[in-house]
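Just so you know, the protein sequences line up as chains Y and D, in that order. Residue 191 in my numbering sits at position 191 of the first sequence, with consecutive numbering throughout. Residue 1259 in my numbering sits at position 259 of the second sequence, with consecutive numbering throughout.
Any given hint might turn out to be false.
[What the hints assert, rightly or not] In silico contact screen, one side only, chain D against chain Y (beta carbon under 7 Å); selected entries: (1) ILE1087; (2) LEU1114; (3) GLN1118; (4) GLN1121; (5) LEU1134; (6) GLU1238.
[To be verified] Lysine to aspartate or glutamate pairs mimicking EDC-like chemistry, simulated, CA-CA at most 20 Å apart: (7) LYS110(Y) <-> ASP1106(D); (8) LYS110(Y) <-> ASP1247(D); (9) LYS251(Y) <-> GLU191(Y); (10) LYS1161(D) <-> ASP1125(D); (11) LYS1161(D) <-> GLU1174(D); (12) LYS110(Y) <-> GLU1332(D); (13) LYS110(Y) <-> ASP1299(D); (14) LYS1054(D) <-> ASP1247(D); (15) LYS25(Y) <-> ASP117(Y); (16) LYS1031(D) <-> GLU191(Y); (17) LYS253(Y) <-> ASP230(Y); (18) LYS110(Y) <-> GLU1195(D); (19) LYS1054(D) <-> GLU1345(D); (20) LYS25(Y) <-> GLU1137(D); (21) LYS130(Y) <-> ASP1125(D); (22) LYS217(Y) <-> ASP67(Y); (23) LYS1054(D) <-> GLU1025(D); (24) LYS1265(D) <-> GLU1322(D); (25) LYS110(Y) <-> ASP1323(D); (26) LYS1265(D) <-> GLU1332(D); (27) LYS251(Y) <-> ASP157(Y); (28) LYS1265(D) <-> ASP1305(D); (29) LYS25(Y) <-> ASP1259(D); (30) LYS1265(D) <-> GLU1345(D); (31) LYS1265(D) <-> ASP1323(D); (32) LYS1231(D) <-> ASP1270(D); (33) LYS1231(D) <-> GLU1210(D); (34) LYS1161(D) <-> GLU1147(D); (35) LYS1148(D) <-> GLU1137(D); (36) LYS253(Y) <-> ASP157(Y).
For the record, the hints were derived by calculation from the structure and aren't laboratory data. Ideal Cβ positions, reconstructed from N, Cα and C, are used throughout, including at glycine.
Each chain, letter by letter, is given below.
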Amino acid sequence: MSGSLEAVRPAGPLQGLRTWWTMLKICLEERLVYRGDFALGTLMRFLPIVTQVFLWTAVFGATSRGDIAGYTRNDIVAYYLLTMLTRAFSSMPGLASGIARSVRDGSVKKFLIQPVDYVSFLLAARVAHKLVYYAVAAIPFALVFFLCRSYFPPVPDATTIAAFLLSLALSFLLGFFMEVTLGMLGFWFMEVSSIVFGYMLVQYLLSGHMFPIDLLKGTPTGIAGVSLADVVHWLPFEYTAYFSSAVWLGKVKGAQLVSSLAIEAGWVVVMAVACRVAWWRGTRRYSAFGG
Amino acid sequence: MHNTDPAAFAPVAEPVIRVAGLAKEYRVFDKPEGLAASVRALFHRTSRVVEAVKGVDLTVGRGEFVALLGPNGAGKTTLLKLLSGIITPTRGTASVLGHVPWERADDFRRRFALVMGQRNQLWWDLPAAESFRLHQEIYRIDPARFEKTRDELVDLLGVRKLILQPVRELSLGERMKLELVAALLHEPEVLFLDEPTIGLDVVAQHTIHEFLRDVQRRRWMTVVLTTHYMKDVAALCERVVVITRGDILYDGSLAEIVDRFTTHKIVTLDFDEAPDHSMIERFGFPCEFRGPQVVLRIDRSRIADVLPGILGSAGVRDVSVEDVPLEEIVAELFRSDARAAAVAEASR
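Bound conformation, chain Y alone (with noise of 0.2 Å):
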């Protein structure tokens, strides 16, 4: 136990990466701790599809059109099971909650003593979260995928297929940015759950999770020539579930579908700033008022 300088190894470009890479390990043996309550939840998840399916085929059984806002019969059937898929990345199960309890029952502390990035961490944690949920829901989501194939239009061409990976994996970031943004509020706020229902209320409206954003397309704003949809085009919520989904099935093309993408890594830059100000400001308001 002599020399204690020489015991720090100096801070390679790399030295980050390393301590990201064990902390996801970590992560990864903790989440599989609990692999037993991720597989009965994933199956669960299946339940509600089965609901819309029943109401869409009610509905287009009740209209002559053949198809609703350019979506057929099929076409919503394939759009709920790819929002599934993509909401499988972009939502963030108790993240923003597990911020804000770090908060309120200190144990936050610890981020502010270790040399360690809370952000990171964050992180590191929810890529663990998310690969054992998917080892574990692989199998059922390709059983439901493989016995709805009919419903699915062929499948799209490389360029398409790339676009859409990317857009699950920024709808991913996306997702894990606004939520540790709300979290942060925990700094704020003693109880910040009635904040994020309030989020999943409008995210459930405006991400696409309940419906097509497409369907918005003929409610006016009351601006010349602007419709609903494209307000939420510029919002960052149908990034977490409708755009993916629209990819896919070939709704969003060429320079319409660069563009998407571009506001969407906007979204992401933003988000990922906001959740630095947040913790930045919220632990000096911590260090101030509490600790």
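The hints should help you fit chain D onto chain Y, whose structure is shown.
Relative to chain Y, chain D alone:
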């Protein structure tokens, strides 16, 4: 920076912690009782300012082992939180290892550790070995050195077998030992301990005392400890800082606190059989009879004069002369301070 031979260092070395006029005020909101009052509080909350720490001055040298003593709510933990950078002060300055703690520079955070007896830093569902590995990464500890330090620490505490067991399956004492190992892996130069032995049994307390003393001496580490157990203080600390109501009441050696705040010694006499009360009472000191045993409180200045006479009494089999227990001295210190506070309050 360190040397394995502590004798190579003078006991009072360079100051590692420097605190001047450090104060922390909190605004607390009164939570009124009753529904009507609670509704009113939605519109108008009454608050008051609580001074948890009021203008503390303190210097701690490298290699010192300091105890912070004080009743609950005295400001001990607030002071530790200030020194470890969790909270920012209302006034005053502090420097720990040349850093302002609440700026939370990584260089500073790599060189100290805080262990809170009532808080868990290890991963609950995983074996401690995993938490250790994470510490190796975040503190960037050289792998070979990490293993050496880890093995040394777990062997000193006798917990090698426990590091592969999920932490949630361990007892409080075992967990605390592993918390200490985790905190010391990166060989911090400064260690803050907030009630490290709270709720532990005597054996575990003793093991932790031995461990802390050993590691502190070997590394020449600076340790600041808060505790309610005088055993911790007596076993570990040469310097004692007594804090009451956010202020330093006493700062000095453990020996001096006994010297300064006690006027008498405790003399215990063992007789062959229960002695005649009047025979003892004639010496005029407060006494307590416990069958064949008698406990006397004798003025320190008079011990030498009166002891031969007392020992000459018929039937004395054994005698011991002891200082007043530390618990009692400190309790009296807290009480007299509370009385002084009440007097000051009344005269205002």
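Hint check results:
1. ILE1087: Holds, because the Cβ-Cβ distance from ILE1087(D) to chain Y comes to roughly 4 Å (cut-off 7 Å).
2. LEU1114: holds, 5 Å
3. GLN1118: Interface hint status for GLN1118(D): violated (10 Å vs cutoff 7 Å).
4. GLN1121: holds, 6 Å
5. LEU1134: holds, 5 Å
6. GLU1238: violated, 21 Å
7. LYS110(Y) <-> ASP1106(D): holds, 13 Å
8. LYS110(Y) <-> ASP1247(D): violated, 27 Å
9. LYS251(Y) <-> GLU191(Y): This hinted pair is violated, its Cα atoms lying about 40 Å apart.
10. LYS1161(D) <-> ASP1125(D): Holds, at roughly 17 Å.
11. LYS1161(D) <-> GLU1174(D): Measuring from Cα to Cα gives roughly 11 Å; hence the hint holds.
12. LYS110(Y) <-> GLU1332(D): violated, 36 Å
13. LYS110(Y) <-> ASP1299(D): violated, 50 Å
14. LYS1054(D) <-> ASP1247(D): Given that 20 Å is the threshold and the Cα spacing comes to 6 Å, the pair holds.
15. LYS25(Y) <-> ASP117(Y): holds, 16 Å
16. LYS1031(D) <-> GLU191(Y): Roughly 17 Å separates the two Cα atoms, so the pair holds.
17. LYS253(Y) <-> ASP230(Y): This hinted pair holds, its Cα atoms lying about 16 Å apart.
18. LYS110(Y) <-> GLU1195(D): This hinted pair holds, its Cα atoms lying about 17 Å apart.
19. LYS1054(D) <-> GLU1345(D): holds, 17 Å
20. LYS25(Y) <-> GLU1137(D): Roughly 12 Å between the alpha carbons, so the hint for LYS25(Y) and GLU1137(D) holds.
21. LYS130(Y) <-> ASP1125(D): Holds, because 18 Å separates the two Cα atoms, which is no more than 20 Å.
22. LYS217(Y) <-> ASP67(Y): Since the Cα atoms of LYS217(Y) and ASP67(Y) sit roughly 14 Å apart, the hinted pair holds (cutoff 20 Å).
23. LYS1054(D) <-> GLU1025(D): The hint holds at about 8 Å.
24. LYS1265(D) <-> GLU1322(D): holds, 6 Å
25. LYS110(Y) <-> ASP1323(D): violated, 41 Å
26. LYS1265(D) <-> GLU1332(D): Given that 20 Å is the threshold and the Cα spacing comes to 15 Å, the pair holds.
27. LYS251(Y) <-> ASP157(Y): holds, 13 Å
28. LYS1265(D) <-> ASP1305(D): Measuring from Cα to Cα gives roughly 13 Å; hence the hint holds.
29. LYS25(Y) <-> ASP1259(D): violated, 56 Å
30. LYS1265(D) <-> GLU1345(D): Violated. LYS1265(D) to GLU1345(D) sits at ~33 Å, over the 20 Å cutoff.
31. LYS1265(D) <-> ASP1323(D): Holds - the C-alpha atoms of ASP1323(D) and LYS1265(D) are around 5 Å apart, at most 20 Å.
32. LYS1231(D) <-> ASP1270(D): Violated - the C-alpha atoms of ASP1270(D) and LYS1231(D) are around 26 Å apart, more than 20 Å.
33. LYS1231(D) <-> GLU1210(D): It holds: about 12 Å lies between the C-alpha atoms, which stays within 20 Å.
34. LYS1161(D) <-> GLU1147(D): holds, 15 Å
35. LYS1148(D) <-> GLU1137(D): Given pair LYS1148(D), GLU1137(D) holds - Cα atoms ~15 Å apart, limit 20 Å.
36. LYS253(Y) <-> ASP157(Y): At roughly 12 Å apart (the allowed maximum being 20 Å), ASP157(Y) and LYS253(Y) satisfy the hint.
Taken one by one, the earlier hints fail for this structure at numbers 3, 6, 8, 9, 12, 13, 25, 29, 30 and 32, listed in ascending order.
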